Amino acid sequence: MLVQGIKSRPVYTGLAIDRHAQQHLFALEGEGALAFADALAQADRKFLATAEILYVPAGSRAARHDLGLSAAGPLDLWTAPTVPVLLNRLRVTLQTAAMGTRLYIAGTEGFIGEAMQVALDAGIDFNSILTEHRGSSARRVQCVHCKGITEEVITSPFTCSHCGLPLLVRDHYSRRLGAFQGVNVDAEEPGSAPRPEVMFP
Amino acid sequence: MNIAFNDETFRDDFTFRNSPQAIRRFPFPFHEDSYMYAVNMEPHVPLARDSAYGTLIDVDEHYVAEMRDRALVLKEDPLRYQALPHMMTAQWDTLELLMEQQAAGYPELFTLTRDGDRWHWINRPLNIDQRFTFGDAATLPCEPLEYITRQAQGDFCIVDQRDGNLWMDAGMVTTQADWSLDFDIGMNFMEWHGPVPLAHQIGVFDRALKFLLNLQQGRPVRRLNWTMTINARLDTSPENYHKWGPDRATVTPENVGNKVHLRCELQSLWRLPRSNGILFVIRCFLIKMEELVTVPKWARRFHRVLRDLPPELADYKGLTRYRPTTVAWLAKYDDGAPTSPGFFPD
Amino acid sequence: MSINTEMSVRVAAITQVADQVRRLRFERVDGQPLPVFSGGAHVVVSMRDGAILRRNPYSLMSSPADSSGYEISVLAVEKSRGGSTFLHHKLKVGDTLAISQPINLFPIDQRGRKHILMAGGIGITPFMAMMDQLAREDRSFELHYAVRTRSHGAYWRELQARYGARRVHVYCDAEQLFIPTGEILGHQPLGTHLYVCGPAGMIKGVLGSAAQLGWPRQNLHSEEFLAPPPGKVFKAVLTRSGKTITVHSHQSILEAVEAAGVEAPYLCRGGACGQCETAVVGCDGALEHHDIYLEPEDKASGKKIMICVSRISGSEIRLDL
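Top line first, the protein sequences correspond to chains A, B and C. Counting in my numbering, the first sequence runs without a single skipped number right up to 219 at its last residue. Counting in my numbering, the second sequence runs without a single skipped number right up to 353 at its last residue. Counting in my numbering, the third sequence runs without a single skipped number right up to 318 at its last residue.
Within a straight-line C-alpha distance of at most 30 Å, the following computed DSSO-like cross-link-like pairs (lysine-lysine) qualify:
no.	chain 1	residue 1	chain 2	residue 2
1	B	K324	A	K165
2	A	K165	B	K82
3	C	K300	A	K25
4	A	K165	B	K250
5	C	K201	B	K217
6	C	K296	A	K25
7	A	K25	B	K324
8	A	K64	C	K201
9	B	K217	C	K111
10	C	K301	A	K25
11	C	K240	B	K217
12	C	K301	B	K217
Far from chain B by the CB rule (all over 12 Å, computed), these chain A residues:
no.	residue
13	R37
14	Q41
15	G77
16	P102
17	V103
18	R109
19	S155
20	A156
21	T168
22	E170
23	T173
24	E215
Pairwise CB distance ranges (calculated):
no.	chain 1	residue 1	chain 2	residue 2	range
25	B	K82	C	P186	36 to 44 Å
26	B	P253	A	E169	25 to 33 Å
27	B	Q137	C	S137	29 to 37 Å
28	C	K229	B	F218	30 to 38 Å
29	C	G239	B	E115	48 to 56 Å
30	C	D63	B	Q137	22 to 30 Å
31	A	A67	C	R136	32 to 40 Å
32	C	G205	B	T118	52 to 60 Å
33	B	K82	A	P219	39 to 47 Å
Note that these hints are calculated values from the structure, not bench results. Every value quoted in this text rests on a predicted model; they were computed, and no experiment measured them. Heads up, the beta-carbon is just placed ideally off N, CA and C, and yes, glycines get one too.
Work the whole structure out from these sequences, hints included.
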């Protein structure tokens, strides 16, 4: 039922440190902290002197990944209480950033999508941003009918949390919305929606 | 050329119909008895005046009704028109192109007078008389792309060219075959074609992209695409799929002729001069099965194409549910005789 | 596709603007307006030089919004392949030429928050049109222009007068002034785009320092017209048209193909656009790729060649033409 192999699905190629960057700005969520640790292990530690980390523990608060980040010794580490607070700080930081600043984003797909939007609005080309997917593979899905976004979707179909239609999650992703597309699954024969299956655990 | 505009609807009571002349000029999309994706682009040059290729931007008997339907769609859902901020130059390019082409092709309907940047546009079918300053968006009632595409048949997408790719960064999309501008805006060529099956594997999009990146000014190209629609609905958007999807289950052997439509897109692609963008014009033509079979060659050929279509394509185009009924109905008009090559009626 | 969209133009004016630089103004023979274009575009000029048809690309430098005429600037080149010499010494006001529609392989990135233009010598020409467009659209830009001597440098006075010394910076080799690339690129706001046009060495140098400073590839743009380099004489067998032709030392394969009356597609004639990519059926030597279009693996495959600039080291190549 699920349409597979669609080309708009983002490819998250991992956080490889760009040794030429003048500033290294990290936006990390939850287990995204572990992506930073892995990148650190591969890189010359010199970049830490110009590294600024914005971190939100989100669902993995108990794991205290912030301790690991702090131990790495970046120039600056700031822990945000919630994702929106982090995104706002990212927005302001990018307003005054200069060319030569490299942005790294790691965390859940929904977080990457949202941070990416902030970066695009700041005039960064998305191809120059390094991303790594960590943590839950739950999806952020936009209902194409009512335009409402449902977070943390793990099944397909699922019920739109706004308009209540049963939606098929398509592998069609919009960077601008930071979301996958949800389309009514039983439009042609209302009531015929298949049972939800866990697709994005 | 005097056009008698139809008073007709593309929703609710669906009074849309084609006159016998409109049937003859329908851009039938199959040049042979089978169909597969191809980079089927050719120069967009005028052909016979009484065909859909008579002018480079076609205006036909459905013009007024289609513009009325577009206004209704936009009233319900303004997100069908969007343009990213860096596309303003391309918007003006598009306004110029559509005004020039319409005025040149249909001088009795449209008049464009230019005095430097001071332009005067008259659209008689829609009773519009507008003076404005080219390049100054504040002198028009809305953005230039929205303004002119409320007065031109077809959907319009403007793509920006950069980094060896094409980016869908502006559009007016209200007569689409099941894709969403609001969702796809900002995507590149490969991404917005992502959901199309089979074509990626055979390299169609790689070749098409390479071709389009070198599309030249003054040398537009065109291609045809097609799908099918139940009832004469222009707005088959994903946004409204839950409203029009049920129509697909209503096809019976008795109503195929009136209910089932072949939907042809005559796409033309134009390099825009000031912005270096490309304008995609996606002009939709509908024809009922009972209208189509008045041309015996098309009846035979479409029967064969639809019967032999690969199932993935039928699925992607949403034909699966009513294909057997339609093929059975069309079979009555196919005596097995050979068909002549090419698109046009014999 | 062989719709001819070339335009017949008359030379309306010839102006000597600096040592070795001539500006030519073209107007349409039929009196029609020329198409408007986008800054950074070039046209291919076709010149009938005796029995030889020469075709060279030149950047348009006049205002992109001005449809009354096009202007190009031509540098007198010592080792000219013929085009530059023809335009400098044989062409007169009133002569007619054919030019292509404008083609832009060096466009402005419309998203840019700021645009930095770096020109070396005659590489200034595309930026003249770009700045006209940027200024008209009220966008932020600055030009850094390197010239050998003040008298060699074309247009720097009028550019400073028009856009002001804050936006137009001139550096003169003879005065030991060079573009301080590192300083300029070190402190630009996010969303800045860099454009370079000039000699190959300069382009390489500037793009190299930008990369060293962490500028991403997506924000870097350059244009260089590669002249087809000379080489040994060889034969080309055109398998589809059944012709065997000779490619002379100072001729590209494309030029030899055209001289033999065979039509081949092209746009930039400088190894950049990919339009003249041709399948190689066979070759008795190595391909000498001079283009900047093919990927390294394509070049290594020996199956493709850009016939506008590339040659072979052997004596015969068989092409699918």
